Amino acid sequence: MPDVQSMVLEFVNKLRKRKIEGSQATARCTVELLRSVISHHRVPHANQASALIDAVKAVGAQLVAANPVELAVGNVVRRVLHIIREEDLSLATAAVAGFDLLDASDDDEDVNGKGIGYPGMSAAVVAAAARSTLRPPSLQTLLEGTPESATVPYTSSSGADSESKTADKSSVTRKLKHDVIEGVNQLIHEIAGCHEQIAEQAIEHIHQNEVILTLGSSRTVLEFLCAAKEKKRSFRVFVAEGAPRYQGHLLAKELVARGLQTTVITDSAVFAMISRVNMVIIGAHAVMANGGVIGPVGVNMAALAAKKHAVPFVVLAGSHKLCPLYPHNPEVLLNELRSPSELLDFGEFSDCLDFGSGSGSPLVQVVNPTFDYVPPSLVSLFITDTGGHNPSYMYRLIADYYSADDLVM
Amino acid sequence: MESRRNPRAVVDPKVRQVGFFTSSQPDSTYQPDPIASESHPVVSSISPSGNSLSPVMIPPPRHNSSDTFPLRAAAAASAVSPSSFSYSTRRDFPDGSMTASPGRVSRASFSKPSSSLPGVGMDSMAAAKSSSVPASGLTTVSVVNMPPGLSEKESDQKKNSKPLKEKTTKAERRALQEAQRAAKAAAKAEGGKAPLVSSGSVASTNVKVTKPAKPSSQKNDVAAVAAGPSEKKGGQAEKDRKKDAPHPRMQYDDESRVVKAKRRAVVKQTEAKNRVELFRHLPQYEHGTQLPDLETKFFQLDPMHPAVYKVGLQYLSGDISGGNARCIAMLQAFQEVVKDYSTPSEKTLNRDMTAKISSYVSFLIECRPLSVSMGNAIRFVKNRIAKLPITLSESEAKAALQSDIERFINEKIVMADTVIVKHAVTKIRDGDVLLTYGSPTAVEMVLLHAHELKKKFRVLVVDSRPKLEGQLLLRRLIKRGINCTYTHINAVSYIMHEVTKVFLGASSVLSNGTVYSRVGTASVAMVASAFRVPVLVCCEAYKFHERVQLDSICSNELGDPNAISKVRGREDINYLDGLTNNANLQFLNLMYDATPSDYISMIITDYGMVPPTSVPVIVREYQKEHSLV
Numbered sequence: 025m026p027d028v029q030s031m032v033l034e035f036v037n038k039l040r041k042r043k044i045e046g047s048q049a050t051a052r053c054t055v056e057l058l059r060s061v062i063s064h065h066r067v068p069h070a071n072q073a074s075a076l077i078d079a080v081k082a083v084g085a086q087l088v089a090a091n092p093v094e095l096a097v098g099n100v101v102r103r104v105l106h107i108i109r110e111e112d113l114s115l116a117t118a119a120v121a122g123f124d125l126l127d128a129s130d131d132d133e134d135v136n137g138k139g140i141g142y143p144g145m146s147a148a149v150v151a152a153a154a155r156s157t158l159r160p161p162s163l164q165t166l167l168e169g170t171p172e173s174a175t176v177p178y179t180s181s182s183g184a185d186s187e188s189k190t191a192d193k194s195s196v197t198r199k200l201k202h203d204v205i206e207g208v209n210q211l212i213h214e215i216a217g218c219h220e221q222i223a224e225q226a227i228e229h230i231h232q233n234e235v236i237l238t239l240g241s242s243r244t245v246l247e248f249l250c251a252a253k254e255k256k257r258s259f260r261v262f263v264a265e266g267a268p269r270y271q272g273h274l275l276a277k278e279l280v281a282r283g284l285q286t287t288v289i290t291d292s293a294v295f296a297m298i299s300r301v302n303m304v305i306i307g308a309h310a311v312m313a314n315g316g317v318i319g320p321v322g323v324n325m326a327a328l329a330a331k332k333h334a335v336p337f338v339v340l341a342g343s344h345k346l347c348p349l350y351p352h353n354p355e356v357l358l359n360e361l362r363s364p365s366e367l368l369d370f371g372e373f374s375d376c377l378d379f380g381s382g383s384g385s386p387l388v389q390v391v392n393p394t395f396d397y398v399p400p401s402l403v404s405l406f407i408t409d410t411g412g413h414n415p416s417y418m419y420r421l422i423a424d425y426y427s428a429d430d431l432v433m
Numbered sequence: 053m054e055s056r057r058n059p060r061a062v063v064d065p066k067v068r069q070v071g072f073f074t075s076s077q078p079d080s081t082y083q084p085d086p087i088a089s090e091s092h093p094v095v096s097s098i099s100p101s102g103n104s105l106s107p108v109m110i111p112p113p114r115h116n117s118s119d120t121f122p123l124r125a126a127a128a129a130s131a132v133s134p135s136s137f138s139y140s141t142r143r144d145f146p147d148g149s150m151t152a153s154p155g156r157v158s159r160a161s162f163s164k165p166s167s168s169l170p171g172v173g174m175d176s177m178a179a180a181k182s183s184s185v186p187a188s189g190l191t192t193v194s195v196v197n198m199p200p201g202l203s204e205k206e207s208d209q210k211k212n213s214k215p216l217k218e219k220t221t222k223a224e225r226r227a228l229q230e231a232q233r234a235a236k237a238a239a240k241a242e243g244g245k246a247p248l249v250s251s252g253s254v255a256s257t258n259v260k261v262t263k264p265a266k267p268s269s270q271k272n273d274v275a276a277v278a279a280g281p282s283e284k285k286g287g288q289a290e291k292d293r294k295k296d297a298p299h300p301r302m303q304y305d306d307e308s309r310v311v312k313a314k315r316r317a318v319v320k321q322t323e324a325k326n327r328v329e330l331f332r333h334l335p336q337y338e339h340g341t342q343l344p345d346l347e348t349k350f351f352q353l354d355p356m357h358p359a360v361y362k363v364g365l366q367y368l369s370g371d372i373s374g375g376n377a378r379c380i381a382m383l384q385a386f387q388e389v390v391k392d393y394s395t396p397s398e399k400t401l402n403r404d405m406t407a408k409i410s411s412y413v414s415f416l417i418e419c420r421p422l423s424v425s426m427g428n429a430i431r432f433v434k435n436r437i438a439k440l441p442i443t444l445s446e447s448e449a450k451a452a453l454q455s456d457i458e459r460f461i462n463e464k465i466v467m468a469d470t471v472i473v474k475h476a477v478t479k480i481r482d483g484d485v486l487l488t489y490g491s492p493t494a495v496e497m498v499l500l501h502a503h504e505l506k507k508k509f510r511v512l513v514v515d516s517r518p519k520l521e522g523q524l525l526l527r528r529l530i531k532r533g534i535n536c537t538y539t540h541i542n543a544v545s546y547i548m549h550e551v552t553k554v555f556l557g558a559s560s561v562l563s564n565g566t567v568y569s570r571v572g573t574a575s576v577a578m579v580a581s582a583f584r585v586p587v588l589v590c591c592e593a594y595k596f597h598e599r600v601q602l603d604s605i606c607s608n609e610l611g612d613p614n615a616i617s618k619v620r621g622r623e624d625i626n627y628l629d630g631l632t633n634n635a636n637l638q639f640l641n642l643m644y645d646a647t648p649s650d651y652i653s654m655i656i657t658d659y660g661m662v663p664p665t666s667v668p669v670i671v672r673e674y675q676k677e678h679s680l681v
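Here the protein sequences come in this chain order: A and B. Positions 25 to 433 (this note's numbering) are the ones given, in order, by the first sequence. Positions 53 to 681 (this note's numbering) are the ones given, in order, by the second sequence.
Honestly, the hints are just simulated from the structure, not real lab data. Note that the structure is predicted; figures quoted are calculated from it, not measured. One thing to keep in mind: the hints can contain errors.
What the hints assert, rightly or not - Every beta carbon over 10 Å from chain A, so not counted as near; a handful from chain B, in silico:
#, residue
1, 229
2, 396
3, 456
4, 545
5, 659
Stated by the list, open to error - To give an idea of the chain B side of the interface with chain A (calculated C-beta under 7 Å), a few residues:
#, residue
6, 310
7, 311
8, 535
9, 630
10, 642
What the hints assert, rightly or not - Covered by chain B, according to a simulated footprint, are these stretches of chain A (three or more residues, beta-carbon under 8 Å):
#, stretch
11, 210-223
12, 263-269
13, 325-334
Even for Gly, the Cβ is constructed at its ideal location relative to N, Cα and C.
Take these sequences, add in the hints, and give me the full structure.
This is how it looks when you write it as structure tokens:
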């Protein structure tokens, strides 16, 4: 237990000091931390699921508070919570089904077919509700839908507890934890593999002789472009250098190392060049539920220019970047200001910078934001590991990954 | 020459008779010239003086012209009196832009023995007139070249097409070719046509007309023979022109031209190796290599005036930048040139000085491509030189020129800026948050003046790599105690929320309303208009130009690519070290971009505050005034 606590603290510190760069790295670290939190958590006999959820939530709240701008942390915490709820639900369903089998095995088909047909059988209703939350939506499940489905898991597990034997209980407990860790491992795997999943689709979007503009440094974009290159597509890439962090230089270096035709342009030349560009591809920092994108600074300008010249603006985003929140004033609230030293030489302007010392009125302020918000109307397409989507569809895609209970943490 | 210049001086701007003919004086016929030069800026911008010079430059095939007149006379049966006849031939061109007076034509092309054309005069001429052919010169040529065998229909077509195309070298070349072809055809069908022609010319018993008729009789016999040499001559002239005066918008992907340009270049530039495919048409050189070379040459370059040389070096090293500064530096150098000038024997001041200026200009172009403002200023200077009355003594002429240049600097740049400041300040109100990009001089003056008027406002200075001119502006504004915020261009959409007005500068305003300015201006204007913030462009009217441009690619300037790979003051950014010679990696350092007029709310010029749609109007009016000054 204490070692987990120290791990959490260490990670919180790192987040606070912005030691971890990039949403993918952050997501991976978060999910690994949560896995150890879960595996070290001693689960009580009753209500193991809610206990786990509480534990994860507690840790998650700390992490999110440490860096509220890094939305991937919150996303991953919500994903883990969702996994716990789902596993719990499926266990409950299994338990109920087992109970049904013992009790009324001949009714099984009817339970499957129309659970509502049994007015007295609360267990059957519960099972149907559980299934409906697990099954993909269909007309039938919509018709069967029970309003209390959200509260069902707890009652069912307690109900199952009371009716099953104590030996059974411990195995169920162990099973839940095991399943959850299994699920979290899957999530880790998914986060690690999202590049390949996205890159696989490159060939469908990049054609011969294309000119692509990108900006910022995103591993996803790098893999995406390289995947197209490996498929013998030849195209040119314009990279905006992305001052003042010059992530574009980094990306250009890697692209050149992989043998792509790369041209580095200044950020100010984006508008000038966009008329000769066939597609703008950027990696998102986060994707909001309304389809808006938070990306490296300068993205909004590129998106506006692309819109003006009717150039497709494509956003690549792994599923861990999909945030279930709707943004309010994201340019300011979901942004972060970096050090002015990246823009101005302190030595040169030392006499007029605002050091907060209160000597006279400050004459110069330096603004150096990290992120930019692109409204959904400027985005042509999202490419996630599950395929391409419209901005207007993002809310639904996001709903697949998170439970409604976890949206507010 | 003199006779031609003199009527020009008396041009009356108010009289504008287009497509309506009387047997008017040469003055009024002359009148449309300024208009012609307005609507065809490319030509006039380069060689303002050309009007008077060109007829000599292009050796007119004598035979053709002599044929033409009679033929035309016959065609235009309305010719009653000799003088009206000649006008009528001209006047039937629909827009009246072809109104070079016939008297001039005939005199220029016939009274002068063609032998005077080639040789020294030719060379200096070609040098002087730079690549494009002045309007009236073209007119002359095309009229003169009017092939004898032309059917009425053909000539009609010509009439229609000419007003549009005649001003370009291409059109001229075509005219030459056509003439030659026609001449050959005429030689073949000689028997049939010659009598008709001569009868026409004889019928109009005019001295002027009969003059051409004289050579025509000889010529018809020699036509076939003459066609050959004349063609060669024309070709030679073309070549000379290309060599001696590079087209200001030379396309650098044309290899043969580049090679030729290199041969005569003073500045030895080495082509950058790793170039962006899209910008092959623009020159890109290794930076920093030419400077030492040029410095050693300083004392060997006799023809180059030291003042011009100095300015050229300053352009090259980037010590002088900004449209106004460059323009003023150039004009002041030209003043020096004028001061130290003395006419060589056997040369006339006008021609020789125009040639000199042209060679200086091509040197300056080698150092750095001209800005539009400089082009306009050069046009002005050449125009003034060409219009110097021949009666003036050399010292008088020099004084006049110097004061003209002084006046241009004062009126068009210095005064214009104060007027702009006066206008723009009215748009700044207390509590405003003004955004500016780069370091536009006009905007800086506006801000400083507004601050002097005790207006309370804040300035957001947006900057961009690699020049970081904004820091200099920031420095200067802070010194005056203006509250500033500094940021980079990527953050423009972050700070645009608080902005109430955007003030931008411009290198040039083109006649479709496009603002051609420091790269990044378009982005800033776009974001501003997306945030519904008014965009005000401050630009002196002498920077207006009738060229049009839709994108930033066809015409632009490339800066030093190495400035991109190296980040000044940030040693930690070294990702691209050692990759600069990689064939897969290019750096593109664009200098300008074109802002579409839809992003611009208003342009503040010395003529007042106008919407971008009014730019062509100002261009037209300004050019008219300009050619009259």
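Original post:
Do the numbers back the hint for residue 630/B, that is, is its least Cβ distance to chain A under 7 Å?
Top reply: violated (10 Å)
Subject >> Consistency of the no-contact label for residue 456/B, given chain A and a CB cut of 10 Å >> reply: holds (37 Å)
**OP:** Decide, holds or violated, for the assertion that all CB atoms of chain A are farther than 10 Å from the CB of residue 229/B.
**Re:** Nearest chain A Cβ is 35 Å from residue 229/B, so the label holds.
Subject >> residue 545/B non-interfacial with respect to chain A [C-beta, more than 10 Å] >> reply: violated (4 Å)
Subject >> residue 310/B as chain A interface residue, shortest Cβ-Cβ below 7 Å >> reply: It is violated, given that the least Cβ distance between residue 310/B and chain A is near 22 Å, above 7 Å.
**OP:** Grab the minimum C-beta distance from residue 642/B to chain A and call the hint holds if it beats 7 Å, violated otherwise.
**Re:** Status holds, d = 4 Å.
**OP:** With 10 Å as the threshold, tell me whether residue 396/B passes as away from chain A on beta-carbon distances.
**Re:** About 46 Å separates residue 396/B from the closest Cβ of chain A, which puts it past 10 Å; holds.
Subject >> Check of the stretch 263-269 of chain A against chain B for coverage (Cβ-Cβ below 8 Å, three residues minimum) >> reply: Our answer is that it holds, as 4 residues pass the Cβ test (under 8 Å) against chain B, meeting three.
Original post:
Taking the closest pair, is the beta carbon of residue 659/B still more than 10 Å from chain A?
Top reply: holds (28 Å)
Original post:
Against chain A, is residue 535/B within 7 Å by beta-carbon distance?
Top reply: holds (6 Å)
Subject >> Verdict on chain B covering the stretch 210-223 of chain A, where coverage means 3 or more residues with a C-beta closer than 8 Å >> reply: Since three or more residues must qualify, the claim that chain B covers the stretch 210-223 of chain A is violated, with 0 doing so at under 8 Å.
**OP:** For the hint on residue 311/B, just tell me whether its beta-carbon gets within less than 7 Å of chain A.
**Re:** violated (26 Å)
Consistency note: the structure conflicts with the earlier hints numbered 4, 6, 7, 9, 11.
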